[in-house]
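Those protein sequence lines, which keep their order, are chains Z and E.
Numbers 1 to 287, taken from the numbering used here, label the letters of the first sequence in order.
Numbers 1 to 467, taken from the numbering used here, label the letters of the second sequence in order.
Quick caveat, the hints were computed from the structure, so don't treat them as lab data.
Backbone N, C-alpha and C define an ideal beta-carbon position, used for all residues, glycine too.
It is possible that some hints are incorrect.
Said to hold, decoys possible - Restraint ranges, calculated between C-beta atoms of paired labels, are given here:
{"no.": "1", "chain 1": "Z", "residue 1": "Arg130", "chain 2": "E", "residue 2": "Ala460", "range": "51 to 61 Å"}
{"no.": "2", "chain 1": "Z", "residue 1": "Leu27", "chain 2": "E", "residue 2": "Ile326", "range": "21 to 31 Å"}
{"no.": "3", "chain 1": "E", "residue 1": "Met298", "chain 2": "Z", "residue 2": "Arg130", "range": "37 to 47 Å"}
If you want the building blocks of each chain, they are given just below.
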Amino acid sequence: MIEKKPIIFLLLATATILVGTIITMVLPFRWINDPKLAIASVKPYTPLQLEGRDIYIREGCNNCHTQTVRPLLSDTERYGEYSKSGEFVYDQPFLWGSRRNGPDLARIGGKYPDAWHVKHMKDPRAMVPRSNMPSYAFLDRPLDTSLTEKKMKALKFPYTQADIDALKGKTELDAMVAYMQKVGNDIPWRKTGKAEVLGELKNPFQDNLSVLPEGQKLYAEHCAQCHGLELKGEVGPDLRDMDKPDSKVFATIYSGITEGGMPAFGDTLGKERTWKLVTYLKSVHRK
Amino acid sequence: MNQQDGYADDIVKGFVIWSMVWGLVAVLLGVFISFQIAFPQLNFPPYLTYGRLRPIHTNAGIFGWGIGSFMAFFIYITQRLTRTSLWSPALAKAQLWLFNVVIALAAVTLAMGMNRSKEYAELEWPVASLVVVLWVIFAVNIVMTIVKRREEQMYISLWYILATLVGVAVLYLVNNASIPVSLTKSYSAYAGANDANVQWWYGHNAVAMVLTTPPLAIFYYFLPKATGVPIYSHRMGVVAFWSLIFMYLWTGAHHLLWAPVPDWVQTLAMGFSVMLIAPSWAAVFNGYFSMNGQWHQMRENYLVKFLIFGITFYGMQTLQGPSQSIRTFSAFIHFTDWVPGHVHMGTLGWVSLVLFAAIYYTVPRLYHTEVYSIPMANMHFWLVLTGQLIFSITMWIAGVQQAAMLNATNPDGSLHYSFIETLAELYPYWYMRAAGGVIYLAGLLLFLYNIYKTITVGKAQAAVQPA
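Between the sequences and the hints, there should be enough to build the whole structure, so can you do that?
This is how it looks when you write it as structure tokens:
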């Protein structure tokens with residue numbers, strides 16, 4: 001019948017399409033971003049962070065990097081605390097992404113020191129040897145701030161004249177690093193999620209020279225980017241002639257030093273490989 | 001059955017030719033960015049980086065090649081099924097101009113980094129507004145042609161066409177709602193998890209309303225034309241149509257499984273995705289049963305080969321898609337190369353094979369000639385089939401391998417591999433994918449040459465003996 005009445009057919013088809021639309025897309029507005037689910041410590045972006053976020057969007061970083069940690073072991077162990085909807089209330093647009101050609105960045109904030117990011121953006125493979133990320137050295141150019149105030153007003157984010165004045169002389173790279181350090185760092189997950197090492201720790205590989213080649217390989221993969229292939233230090237300190245006890249070195253690698261910008265490697269290396277790394281580090285001396 | 005009947009066919013020629021141009025752009029860019037993934041030195045910032053080129057690849061493919069040829073065939077099919085000439089050929093001419101302006105503007109603005117970041121809705125608000133104007137012009141012309149039709153009964157293809165017209169309009173308007181800051185910059189009107197839920201309601205239903213209903217409209221029209229026998233079951237077509245357009249709209253959140261959107265939205269999406277197998281396979285069976293007693297045509301008729309392989313990939317796509325929508329499977333393969341493998345089976349296998357058939361069928365008729373070379377069309381078929389299978393299968397294996405590595409743990413519960421260790425193992429697969437892309441491109445070039453020769457021969461014949 002209705003196949004002879006195009007206008008009625010059109011209206012019926014529209015109604016059919018709208019049922020699922022209303023239930024799964026319109027109705028959830030009632031629950032998602034409900035003020036009751038807000039997280040007090042999550043703050044809007046500062047002008048510099050917002051400009052960094054806009055560069056992230058301009059360069060299409062979201063084509064390769066996601067920003068959601070799923071409540072799955074392989075995600076939470078690798079990236080950190082799983083993502084909560086309250087963390088994204090200032091994200092217009094959202095940047096969760098759909099493909100990990102690179103790692104998830106939802107917990108990148110505070111993981112590495114600024115200097116690591118600068119070096120990595122300029123030459124990704126210098127920091128991560130087999131990475132396929134393009135080089136973003138060209139971001140080391142003056143930041144265009146002509147729209148900053150309009151952007152902050154459009155998104156209703158608070159700012160002061162001092163914030164705007166502080167943008168003078170900043171580069172696009174500065175903005176990008178400021179954004180990276182903010183992402184996922186508004187909730188105190190590092191403190192709550194940190195594994196404490198308790199009791200006496202004894203190196204199972206002490207004086208076991210056979211683990212040195214593996215330790216060296218682990219060092220090249222995970223540590224050399226910041227401490228240099230010859231351990232002379234670069235972003236991080238010089239590691240030659242380490243005089244700390246094995247247990248202290250183990251704890252530093254395993255749990256990281258948040259204030260110092262040293263990431264925790266316990267989740268990716270596990271105990272055994274961390275000990276092998278400790279054994280290697282203690283074996284290296286200034287010649 | 002051409003210009004003599006008063007059908008506006010010059011405009012169909014225009015859309016066919018331009019959609020092929022944008023299709024070539026999409027595939028060339030696709031091959032290029034597949035090399036960029038394998039060889040990062042091929043990124044040339046700022047304009048030619050993967051991050052900026054990938055949206056141009058998807059937009060040129062979905063909107064330039066896909067929508068462009070759908071516009072061609074909607075105009076072609078609607079006139080014939082209604083036995084009525086197009087309501088306004090002048091409007092259609094304006095539409096063709098605007099279409100090309102919009103796609104060119106999209107490519108330029110995306111390369112310049114003007115990007116809303118939402119997948120398949122990247123265009124900044126001035127360009128997106130032009131898309132809306134374009135769609136309104138198109139929809140009005142088609143609907144008015146149907147309203148003043150001379151054939152009372154509307155054939156299945158016309159239902160799919162009408163559903164596409166309203167579906168795309170609703171999706172596009174809602175997901176493009178923006179807060180403009182300047183001519184070149186805007187922010188999404190929605191925030192965080194809301195924005196995500198709106199985006200994937202849009203994103204997945206763009207698959208429904210752009211990559212499913214239009215090719216189905218075209219398939220249902222050209223399969224009987226190519227084989228000379230009618231579609232197996234009208235009633236099955238009715239049931240499949242209504243259940244398809246009802247169920248699709250519930251499924252967007254299967255892109256957000258395990259993400260912080262409400263659990264019930266995810267569960268509904270998962271359930272409806274699995275239920276969608278039924279209407280999808282009803283179309284597949286309708287295609288297969290229409291071939292009863294006609295299977296020999298797979299050997300003899302190159303058009304049938306394209307169409308039946310196309311609907312077969314549609315069937316595989318609509319089994320694989322629902323399985324990916326199940327939480328446990330999604331947890332494993334989501335975010336890996338598996339997904340591009342899945343998407344390209346749909347776009348290169350299903351949509352493009354059907355469009356190739358429709359172009360091979362219509363172009364000789366529009367130019368009153370025969371297709372230039374059938375052996376070349378067969379060669380084209382095997383090249384694009386091989387290229388696409390290499391692409392998809394390689395990516396599925398890569399996805400499963402990476403997922404397994406990402407999930408591997410040591411006896412003490414810690415992870416066995418760092419992210420970069422899993423990525424480093426993918427290079428060989430990326431080389432293979434790029435090779436598959438090159439084979440596909442070779443097939444496409446052969447196709448373009450064949451159509452080009454068909455048109456020039458047709459024009460030459462017309463010049464010798466005016467009709």
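Supplied distance hint 51 to 61 Å, evaluated on CB atoms of Z/Arg130 and E/Ala460
holds, 56 Å
Falls inside 37 to 47 Å, the C-beta gap from E/Met298 to Z/Arg130?
holds, 46 Å
Z/Leu27 versus E/Ile326 beta-carbon gap, inside 21 to 31 Å or not
Between Z/Leu27 and E/Ile326, where Cβ atoms are some 23 Å apart, the hint holds.
Comparing the model with each numbered hint stated earlier shows that all of them hold.
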